[in-house]
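Engineer: Chains as they are written, first to last, in my numbering: chain A, 723 to 1078; chain B, 723 to 1078.
Keep in mind that the hints were calculated from the coordinates and are not lab data. Please note that the accuracy of each hint is not assured.
Identical chains blur together in the list; that is why a pair holds if it fits in one copy or across any two.
Stated by the list, open to error - Straight line, CA to CA, 16 Å or less: simulated EDC-like cross-link-like pairs of lysine to aspartate or glutamate:
| no. | residue 1 | residue 2 |
| --- | --- | --- |
| 1 | LYS836 | GLU962 |
| 2 | LYS882 | ASP913 |
| 3 | LYS779 | GLU733 |
2 protein chains.
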Amino acid sequence: MKRVHGGNIREIKEKYNLKKIIDFSSNINFLGFSTKGFQAVKDGLNEIQFYPDSDCKYLKEELANYHHIDPRNIILGNGSVELIYLISKVLGSSKTLIPSPTFIEYELAVLAAKGKPQFVRLLEKDHFQLNKKEVLRGLDEVQALFLNNPNNPTGILYPKQDLLKIIQAAKKKKVFVIIDEAFMDFVEDEDRFSLLPQATRLSNLFVIRSFTKFFAIPGLRLGYAVGSQRLIKMLVKFQEPWTVNSLAQKAGVFSLKDNKYIQKTREFIKKERNFLFNKLSKIKGIKPFPPAANFIFIKLMSANAEDLKAKLVKQGIIIRNCSSFRFLNNKYIRVAIKKHKDNLYLLKFLNKYLDQ
Amino acid sequence: MKRVHGGNIREIKEKYNLKKIIDFSSNINFLGFSTKGFQAVKDGLNEIQFYPDSDCKYLKEELANYHHIDPRNIILGNGSVELIYLISKVLGSSKTLIPSPTFIEYELAVLAAKGKPQFVRLLEKDHFQLNKKEVLRGLDEVQALFLNNPNNPTGILYPKQDLLKIIQAAKKKKVFVIIDEAFMDFVEDEDRFSLLPQATRLSNLFVIRSFTKFFAIPGLRLGYAVGSQRLIKMLVKFQEPWTVNSLAQKAGVFSLKDNKYIQKTREFIKKERNFLFNKLSKIKGIKPFPPAANFIFIKLMSANAEDLKAKLVKQGIIIRNCSSFRFLNNKYIRVAIKKHKDNLYLLKFLNKYLDQ
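This is chain A alone, in the form it adopts within the complex (with noise of 0.2 Å):
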């Protein structure tokens, strides 16, 4: 599988001479960054001539007081992708499960330390749920489990209970569960579906966690993981040092402190979320599954997605051909939620090109 993540902006304006790009192809946060965030990065730049805290002591501080957790069960990352790379090096050429369509960072990350992924299949019949049956006897074959969820490019959320029991029957196996939490903090009623607590208690769950999406501050790269002491302590070791950059750090503790902005995100993305899906709904020609997070995933019962990003791309509009994704061909794709401006002139095009 190859690499492919969102569009470069700068060449589709110059490609396509166009002065305003919307683009749906990337799950940020759509109200932006947390202002008391960046005004912590602006009013602490001169902190750029310092060695970052190794430790990101005041980060974890802050995280701990967030989650109601113990500082010494979290360990932070450059971006929660240093942290995927991280335990799978820790984890070492162990065979790895990956329940996919899902994002390609684990399968690659598994492949750059010698391991082997695996794959159960995600089916449409299923609701592109997890196939708990399939998943259990998928355990016997690896060391180790690599979940989404939500899951990106689904969108779908697995129920709480299914994931306990797998981590049972997991810890049985004595095998590893590292589940990639970077969009629950756009689920409603994200404490009945979050695993972070249990992360801090079970022996064999990582839990990974991102400011990129939520906080949408893709470009400062800071992301976390929750696990119990002794795998923390694990992963530290095999850590290189200094590599969460001062200014994230500072990004991280100021946005987290921002309640506004943090309640302000989660009324605006339930609210779009609920527009968008219902109005796209009612496109014939398309089929969106219920999203979970911030970002709706569609099959495209007629169309192409290739075809569909060259026109929508005219208008200004990027979104993501899912053809690249395991398991997946060019019937998806997959659009953020974004204001409600945005998302009506998304719904304009998408009627024009698909509702026939």
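Chain B: place on chain A using the hints.
Structural biologist: Just chain B now, with coordinates in the frame of chain A:
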């Protein structure tokens, strides 16, 4: 060997109730960062809401221009440490020769890659120069060689001709050579010593450089490596995406454009290096080694590094006790070259405590 790096200023300030601390343990350009680089970061802060360019296109072009090489010979990293670890990972479980004392991360990177570090001891009787014979003999036993030039903590610069002979011999023995030139920008007549141009042509050489020391942006994390296009491609294949944050890329591009700052740094460092070395040479009880970079390595004839450090910290001066470096003991310290006033302050207390 344990990882011991510079001191934590904040903790020390609180512990000793100090108003000001001059940190001679940290080898950063005492002029601070480039104002052009800083301004670019400030102006570009909005970029944190977008993913960084994984390819670092503009920065690569700027570096290529700066060094008169092809952008395809460059790979960027989240600090040079990322590249030290990445190269070690790609070389795999190799035996690696590391002339020591030197920067601890080479050894730790080799160990993290499940390789075996081996050591050639740099000797005081050789003025801590490379013993070419010993190194050449050592090449028979290993698959890689890590060098720091000028070397930290000794400040010694290795002659280009010696290094070229070693690289040539290494090639015949299928040994890979990695030269970390993190402090090369401070060297007078840098072009006579740097192997960066050679790295684009030779098939078994990587040269690593850093923005941390000369450009004084350790908090942003920015380093790079230069090698043949074939080698660079190999590294890129194993590199995680988005490791270099957007602001580091901005700072890099515009710091390189700041000719005045670069010129001024070179002049000031040269002047203060000569001043401090001459004054240190006159203090009885210590022996400073001729410095090539922006720090001075000092042997204590009778004092003890820990005691001296404890005395100085009460005056608000932090020095580096070198006893954590392999093959060194508590008879060695390292001090950074700072601005004139600070250097005078250091000299005052070294004279007071040592010149007896």
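Engineer: For every hint, state whether the structure bears it out.
Structural biologist: Hints versus structure:
With identical chains, the CA atoms of LYS836 and GLU962 are at most 16 Å apart between copies only, with a shortest distance of 14 Å across copies and 19 Å within one. Proximity of LYS882 and ASP913 under a CA criterion of 16 Å is satisfied intra-copy only: 10 Å inside one chain copy versus 61 Å between copies. In this homomeric assembly, LYS779 and GLU733 come within 16 Å of each other (Cα to Cα) only across copies, at 12 Å, whereas the closest approach inside a single copy is 39 Å.
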